[in-house]
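Kindly produce the complete structure, drawing on both the sequences and the hints.
With the numbering used here applied, the sequence shown covers 1 to 176.
No lab work stands behind these hints, which were simulated from the structure alone.
Only a predicted model underlies this, so the values are computations on that prediction, with no experimental measurement involved.
Be careful, since some hints might not be right.
What the hints assert, rightly or not - Simulated DEER-style distance windows between Cβ atoms:
1. Ile4 x Gln28: 37 to 45 Å
2. Glu52 x Ala22: 16 to 24 Å
3. Gly30 x Ser157: 52 to 60 Å
Unchecked claim - Quick list of in silico lysine to any residue cross-link-like pairs, SDA-like style, CA-CA up to 25 Å:
4. Lys106 x Ser127
5. Lys142 x His112
6. Lys136 x Arg113
7. Lys106 x Glu116
8. Lys50 x Tyr14
9. Lys136 x Asp151
10. Lys106 x Lys50
11. Lys117 x Ser157
12. Lys117 x Ser127
13. Lys29 x Leu46
14. Lys29 x Thr5
15. Lys117 x Leu132
16. Lys136 x Glu122
17. Lys50 x Thr35
18. Lys50 x Lys29
19. Lys29 x Leu19
20. Lys50 x Ala9
21. Lys106 x Asp121
22. Lys29 x Ala9
23. Lys142 x Leu132
24. Lys136 x Ile109
25. Lys29 x Arg43
26. Lys50 x Thr5
27. Lys50 x Glu10
28. Lys50 x Phe15
29. Lys142 x Ser127
30. Lys117 x Gly139
31. Lys136 x Glu116
32. Lys50 x Glu36
33. Lys136 x Ser104
34. Lys29 x Asn44
35. Lys29 x Glu10
Glycine included, each C-beta is placed from N, C-alpha and C at the ideal position.
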Amino acid sequence: MIDITTTFAENAWYFRNALVRANYTNLQKGIHETTEYLEAFLRNLLLDEKNELHNRNLHISGLLNEEKVDIWVTKVDIENGKVDIQDKKVDIESVLSEKGSDFSVKTTIHIHRLFEKFGFDEMFRRSAVMELLGLKGSGASKLLSNLVQADIIEPVSGHGKGKYRERFKFCVNRKN
Numbered sequence: 001m002i003d004i005t006t007t008f009a010e011n012a013w014y015f016r017n018a019l020v021r022a023n024y025t026n027l028q029k030g031i032h033e034t035t036e037y038l039e040a041f042l043r044n045l046l047l048d049e050k051n052e053l054h055n056r057n058l059h060i061s062g063l064l065n066e067e068k069v070d071i072w073v074t075k076v077d078i079e080n081g082k083v084d085i086q087d088k089k090v091d092i093e094s095v096l097s098e099k100g101s102d103f104s105v106k107t108t109i110h111i112h113r114l115f116e117k118f119g120f121d122e123m124f125r126r127s128a129v130m131e132l133l134g135l136k137g138s139g140a141s142k143l144l145s146n147l148v149q150a151d152i153i154e155p156v157s158g159h160g161k162g163k164y165r166e167r168f169k170f171c172v173n174r175k176n
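Structure, rendered in structure tokens:
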């Protein structure tokens, strides 16, 4: 003989959760109402079946995460790959040869020194060129004019009169 009272008393919490699952739907999370847990409870109660009744099986979070995620499956190996923080390297000689200008050795040295000091992001004035290269005003002006014509530097507008910036950034070779 089946003792319904004892079976129900031992599994009352499961019965309550099975009723909730029989009526709960959340389409956004892909959860649909199901009577399978309620049916298992009633089969045990009425037909004396021995279905396992565990509340942990009713949890919605358990439905969504049937597979446990192993966070250690993929490990990042930081020893093998070296990061090149200087990924852009300007080859000034190739830039100068591409421009087709036949600069003197002295002018080429001046271009190298300008780039070393100012890079391709920093703006500079004629006075900075005079100070860096030891040129007088007219010599610095002539150098800047020649470099603008050769498309090595560009005048910068919006930051005051007479400012320039290197144009090497348009001719960058990537390091492999």
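Tested hints:
At about 39 Å, the beta-carbon gap between isoleucine 4 and glutamine 28 stays in the expected band of 37 to 45 Å. For glutamate 52 paired with alanine 22, a C-beta distance near 18 Å keeps the hint of 16 to 24 Å intact. A hinted range of 52 to 60 Å holds for the C-beta pair glycine 30 and serine 157, which are about 57 Å apart. Distance check on the hinted pair: lysine 106 and serine 127 sit about 19 Å apart at the alpha-carbon level, within 25 Å; holds.
Pair hint lysine 142 plus histidine 112 holds up; C-alpha atoms about 17 Å apart against a cutoff of 25 Å. For a cut-off of 25 Å, the pair hint linking lysine 136 to arginine 113 stands: about 16 Å separates their Cα positions. A distance of roughly 15 Å separates the Cα atoms of lysine 106 and glutamate 116; the hinted pair therefore holds under the 25 Å criterion. Under the criterion of a C-alpha separation no larger than 25 Å, the hint pairing lysine 50 with tyrosine 14 is consistent with the structure, at around 14 Å.
At roughly 23 Å between alpha-carbon atoms, lysine 136 and aspartate 151 fall within 25 Å of each other, so this suggested pair holds. About 96 Å separates the Cα atoms of lysine 106 and lysine 50, which puts this hinted pair outside 25 Å; it is violated. Restraint check for lysine 117 and serine 157: satisfied, since their Cα atoms lie roughly 21 Å apart, inside the 25 Å limit. Restraint check for lysine 117 and serine 127: satisfied, since their Cα atoms lie roughly 14 Å apart, inside the 25 Å limit.
This hinted pair does not check out: lysine 29 and leucine 46 have alpha carbons roughly 33 Å apart, beyond 25 Å. A threshold of 25 Å between alpha carbons decides the hint, and for lysine 29 with threonine 5 the separation of about 36 Å lies outside it, so the pair is violated. Distance check on the hinted pair: lysine 117 and leucine 132 sit about 8 Å apart at the alpha-carbon level, within 25 Å; holds. Only pairs whose Cα atoms come within 25 Å are accepted, and lysine 136 paired with glutamate 122 is accepted, the gap being roughly 22 Å.
Restraint check: the Cα-Cα separation between lysine 50 and threonine 35 comes to about 17 Å, which is no more than 25 Å; the hinted pair holds. For the given pair, lysine 50 sits about 31 Å from lysine 29 by alpha-carbon distance, which is inconsistent with the 25 Å threshold. At roughly 19 Å between alpha-carbon atoms, lysine 29 and leucine 19 fall within 25 Å of each other, so this suggested pair holds. Under the criterion of a C-alpha separation no larger than 25 Å, the hint pairing lysine 50 with alanine 9 is consistent with the structure, at around 16 Å.
Distance check on the hinted pair: lysine 106 and aspartate 121 sit about 24 Å apart at the alpha-carbon level, within 25 Å; holds. Between lysine 29 and alanine 9, the direct Cα distance comes to roughly 33 Å. Violation of the 25 Å bound is thereby established for this hinted pair. For the proposed pair lysine 142 and leucine 132, the alpha carbon gap of about 15 Å is at most 25 Å, so the pair holds. Annotation: proposed proximity of lysine 136 to isoleucine 109 holds, straight-line Cα distance about 17 Å (limit 25 Å).
Restraint check: the Cα-Cα separation between lysine 29 and arginine 43 comes to about 29 Å, which exceeds 25 Å; the hinted pair is violated. A C-alpha spacing of about 16 Å is found between lysine 50 and threonine 5, which places the hinted pair at or below 25 Å, so the restraint holds. With a C-alpha separation of about 13 Å, the suggested pairing of lysine 50 with glutamate 10 holds against the 25 Å cut-off. Distance check on the hinted pair: lysine 50 and phenylalanine 15 sit about 15 Å apart at the alpha-carbon level, within 25 Å; holds.
As the CA atoms of lysine 142 and serine 127 are separated by approximately 13 Å, the hinted pair is consistent with the 25 Å bound. Restraint check for lysine 117 and glycine 139: satisfied, since their Cα atoms lie roughly 19 Å apart, inside the 25 Å limit. Note on lysine 136 and glutamate 116: the hinted pairing holds, with a Cα-Cα distance of about 20 Å set against a maximum of 25 Å. At roughly 15 Å between alpha-carbon atoms, lysine 50 and glutamate 36 fall within 25 Å of each other, so this suggested pair holds.
The straight-line distance between the Cα atoms of lysine 136 and serine 104 is roughly 18 Å, inside the 25 Å bound, and the hint therefore holds. Of the supplied pair hints, the one linking lysine 29 and asparagine 44 is violated, its CA atoms being roughly 30 Å apart against a limit of 25 Å. For the suggested pair lysine 29 and glutamate 10, the alpha carbons sit about 31 Å apart, so the restraint of at most 25 Å is broken.
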